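Novice: Single-letter residue listing:
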Amino acid sequence: MKNMKDIPLTIKETQEGLLKKKFSATELVDTYLGKINEEKDLNAYITVCDDEAYKKAGEVDKLIANDSLALSENFPLFGATIGHKDLFLTKGIRTTAASKVLESYVPAYSATAVARMEKAGGIILGKTNCDAWAHGASGENSDFGPTKNPWNKKFVPGGSSSGSAVSVAAGLSLIATGTDTGGSIRQPANFCGVVGLKPTYGAVSRYGIIAMASSLDSVGNFGKSVDDVETVFNVTKGEDGRDSTVKNAEFVKPKAKIKIGIPKEYFVEGVDKEVAESVIRASKVFEKAGIELTEISLPHTKYAISVYYIVQPAEVSSNLGRYDGIRYGNPRADFGAEAKRRIMLGTYVLSAGYYDAFYLKAQKVRSKLIGDFEAVFETVDAILAPVSPTPAFKLGEKASDPLKMYLADIFTAPANLAGIPGLSIPSGFNEEGLPLGFQLLGPRFSEPVLFELGKLYEKEIDYKAILPNL
Amino acid sequence: MVKLTKEDVLHVAKLAKLDLVEAEVERFTPQLSNVINHFSELSEVDTVDTEPTSQTTGLENVYREDKVTVEGSLSAEEAISGSDKIHNGYFKVKAILEGRTDK
Chain A
1 MKNMKDIPLT IKETQEGLLK KKFSATELVD TYLGKINEEK DLNAYITVCD DEAYKKAGEV
61 DKLIANDSLA LSENFPLFGA TIGHKDLFLT KGIRTTAASK VLESYVPAYS ATAVARMEKA
121 GGIILGKTNC DAWAHGASGE NSDFGPTKNP WNKKFVPGGS SSGSAVSVAA GLSLIATGTD
181 TGGSIRQPAN FCGVVGLKPT YGAVSRYGII AMASSLDSVG NFGKSVDDVE TVFNVTKGED
241 GRDSTVKNAE FVKPKAKIKI GIPKEYFVEG VDKEVAESVI RASKVFEKAG IELTEISLPH
301 TKYAISVYYI VQPAEVSSNL GRYDGIRYGN PRADFGAEAK RRIMLGTYVL SAGYYDAFYL
361 KAQKVRSKLI GDFEAVFETV DAILAPVSPT PAFKLGEKAS DPLKMYLADI FTAPANLAGI
421 PGLSIPSGFN EEGLPLGFQL LGPRFSEPVL FELGKLYEKE IDYKAILPNL
Chain B
1 MVKLTKEDVL HVAKLAKLDL VEAEVERFTP QLSNVINHFS ELSEVDTVDT EPTSQTTGLE
61 NVYREDKVTV EGSLSAEEAI SGSDKIHNGY FKVKAILEGR TDK
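Each protein sequence line maps, in turn, to chains A and B. Residue numbers are given in our numbering: position 253 of the first sequence equals residue 253, and the series is strictly consecutive. Residue numbers are given in our numbering: position 59 of the second sequence equals residue 59, and the series is strictly consecutive.
If you're looking for bench data, these hints aren't it; they were derived computationally from the structure. What you are looking at is a predicted structure, and each value in this text was computed from that prediction instead of being measured. Please note that a few of the clues may not be correct.
To be verified - Here are the simulated DSS-like cross-link-like pairs (lysine-lysine), alpha carbons at most 27 Å apart as the crow flies:
| id | chain 1 | residue 1 | chain 2 | residue 2 |
| --- | --- | --- | --- | --- |
| 1 | A | LYS340 | B | LYS94 |
| 2 | B | LYS67 | A | LYS247 |
| 3 | B | LYS67 | A | LYS91 |
| 4 | A | LYS273 | A | LYS259 |
| 5 | A | LYS394 | A | LYS273 |
Claimed, not checked - Chain B side only, calculated, beta carbon under 8 Å to chain A, not exhaustive:
| id | residue |
| --- | --- |
| 6 | VAL45 |
| 7 | GLU51 |
| 8 | THR101 |
Each residue gets a CB set at the ideal place from its N, CA and C atoms; glycine is no exception.
In isolation and in its complexed conformation, chain B is listed as follows (with noise of 0.2 Å):
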């Protein structure tokens, strides 16, 4: 049987870059043991001897020309069409550096 704990919780919450209240965790922590615990059927199967399957294709290895064309392109203004928070033609973000302060 696993039981997440509300720690393990956050702790996947940490991972996956998410910010959860705590209504979320109260509510996720018993939804998520539960399915984890379904899981546990797949004990049953026998796979010492199995590859396992990434895709289905069975295609290897897919080569493009290494070009640029003007229809497989956006341009600048496309790109950044998405977003309010532009700054002469770029994206802004929060500032991830800070002053120094050794000086």
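Extracted from the complex, chain A is given alone in its bound form (with noise of 0.2 Å):
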């Protein structure tokens, strides 16, 4: 069964499949990496694992004839093909950040969510491609060359974890884990088609993930269904004892009466008509159901670009310090482009003399868009805005402007600065045929309320995932 040709497209349809023996983890493994070879041209993936994969779906196979009984209980991934980005550490395969400086490197240890959805029954089936070092927008940023939107591949699929979002768009794995550090799962989600989840800071281990900027990352994943991408979060929350920033907090449950807000600094010009208008169509699904609507004010958000290309440079130039090309790796000359730029931007506002202008100016004002949330949440449950200005640009429109590409995060941004959750989903297609969507943002921790009103509206709209014609 090389071409199955329905392949389930979720974790619940995928577990029945094998349950009932519609097909077998090893043959689901089969059609995944056929697909894999045969879109080579997204260039999603930088290293695909054969091997692993195989073995692991033998494991799982065994699962499910020895005792099919409360599997998804012990094993809620089983089954469940995996790519993963290419910033989480796998041991025994390579691990490049989709950097020449990374290009030979095999981790010695796993990270704790590759690990966790490893023991859920998870099937690896290869490492995705990202902008190097997480840095940037639109995936072209890559050592190893831009990836394609799947929906139209003269388009970019939106970054950093570009490679993730268009494994699981065009159906070359079930789920796929991202990192968001600025709006890096859920733009690429945005820009795809697909679910994206940026967990709250501190709610999943960076342990054994290839550090960014260390105040603001953020460990999450992707998947075709609200559902799915909640599963994922599940198997991989919580301490490990290896991140001491993570904690084992107390979720915000939803209430039986949702306020949602809307952000009136998200709808200013240089918006796309279509985004702001698909916000507002979502606004009155939520309506509908009975959500109560109000409009909310996020005074600092036209600050966040700034604020952020301080912070995150900073951290990013103490993050990539490390990198001698002694211990592993290769020497810093084989740094590309924009990791050079952002160490070198970070270099400039920590050095002497610019520290209190730029750097202390902008923690301060970090605080501000901080209040910003703080004070709205005080009345609403959640926030529903757009996730990008635009919907997928062209690849090659933004490379040659820096400037330009960093203001794409604008709406993102502000999530990572305050360290709250972010829930990116998709709402259907402009008139060019780019996949159009929203962002749920909520107080810390209260990934439950956004998971709830994201398959409310999934329900609402009778929502069914479909793959692109490639």
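Hey, can you piece these two chains together into the complex? The hints should help.
Specialist: What follows is the structure, encoded as structure tokens:
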């Protein structure tokens, strides 16, 4: 069964199919690896690991044969095929961060998220492409070549978790992992028409994930439904004793009556008309389902890019300081242009004479941005907003102008600066056939509220995931 | 208006241990100036009474027991597995001390 005609699009469908013996995990792996190979020109994967995939599939098939009772309780991801962003360390499998610096690096241990998903029965297929070191909003900064949007290959898939979003959107894996430092899960999910979760900072361990900006990095995932993204979150979340920022927090439960705020600062000049309209349409869906809507204000939103592009490169310059080419990896000359720019930008804002004017100032305005959210969450349970000012843009369109590319993070970076969760949900297509969508933001550790709202939306519009015609 | 000079860029590159080629200096100088100029908008925000934020967890002093565990450690072999410049189980690096010249 090299080419299953209808691949399952959710974890539930996959597991039902396996339990009913419609297909085996090994056959699933055959099909997915075949598709990855067929769609090589999307450039979604840097490394494909057939051996590990078949080995794990064999284990899953054995599990099913032995005792299929309570399988999904003990192994919530059994049979789910995974693409891991190539920032996640995978023991024995090359991990590059999409950079030439690490082109032959093979980690001696796995990230907590990777280990937990494997233990839960997930099947790794390979390592997905991304902007090198997760620096970018288009996927074009990969030293292994740009990834293409599966809905139209002339367009970018978004970034930095470009290959993960494309892998799920094009059916090259059922689920995928990503990191979101300034929008790197929510924006590519939005550009590719899949669901993407950026968890609360400190909800999921960053252990074994190549660090970008340590006060902002958040470890999340992609799927074709809110249900699937929630399942993966529940597998990966919680303390592991290896990341001191993670806590087993008390999560915020959805109230009987939920109130959503719509921030007026997210509907300003420069926001694409179809993007704005699609978010308003989504708000009507919620309203019809009995959710109360209200206009809110997040007055410091416009400063988010300046704050983010000071704090983030500062932390980047520190984190990339460890790459000296001695213990592993290649020399610093192998950093690509964007990594060099960010290292220098960060070094500049931290250097003597500029620290107070840039870095300290940015940290203070960061407090203001957090204050905006805290004030708003006194009165609303969640925020509904666009993910990006525009749908996917053309390959090459912003590649030569870093500032223009940075400005695309305006609606996603605030959540990282505040450490709050965000859920990116697809809502259809624009006239050009490119995906549209919206994001839901909530207070820290309010993921259950976001999932509840996301599932409500999918139910109301009778959402059915579809695959692009490739 | 901040306008970085080539010397500024070379100075920052030196601090960051990056060896730039001439073409990179040419390219990065206006690009970095452009981004840094964008930051000037922050002066509009009154932050006189605002505390800086360096992290969002609110956690303080998270400790673990000072205990070495097998699962929390790498073997010597694993620890050096990422480099091909190894000698007798050690990383090989360039010499930083030279022979004495005063004797």
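Novice: For every hint, state whether the structure bears it out.
Specialist: Structure-based check of each hint:
Proposed proximity of LYS340 of chain A and LYS94 of chain B is supported: the alpha carbons are some 24 Å apart, at most 27 Å. A C-alpha spacing of about 21 Å is found between LYS67 of chain B and LYS247 of chain A, which places the hinted pair at or below 27 Å, so the restraint holds. Taking the CA atoms of LYS67 of chain B and LYS91 of chain A, the gap is about 24 Å. The hint holds against a cut of 27 Å. Straight-line distance between C-alpha atoms of LYS273 of chain A and LYS259 of chain A comes to about 25 Å, which keeps the hinted pair within the 27 Å bound.
Distance check on the hinted pair: LYS394 of chain A and LYS273 of chain A sit about 18 Å apart at the alpha-carbon level, within 27 Å; holds. Because the closest C-beta pair between VAL45 of chain B and chain A is about 5 Å apart, less than 8 Å, the hint holds. With its C-beta approaching chain A no nearer than about 6 Å, GLU51 of chain B sits inside the 8 Å limit, and its interface hint holds. Hint status for THR101 of chain B relative to chain A: violated, with the closest Cβ pair at about 27 Å, above 8 Å.
The structure fails to meet hint 8 from the earlier list, while all remaining hints are met.
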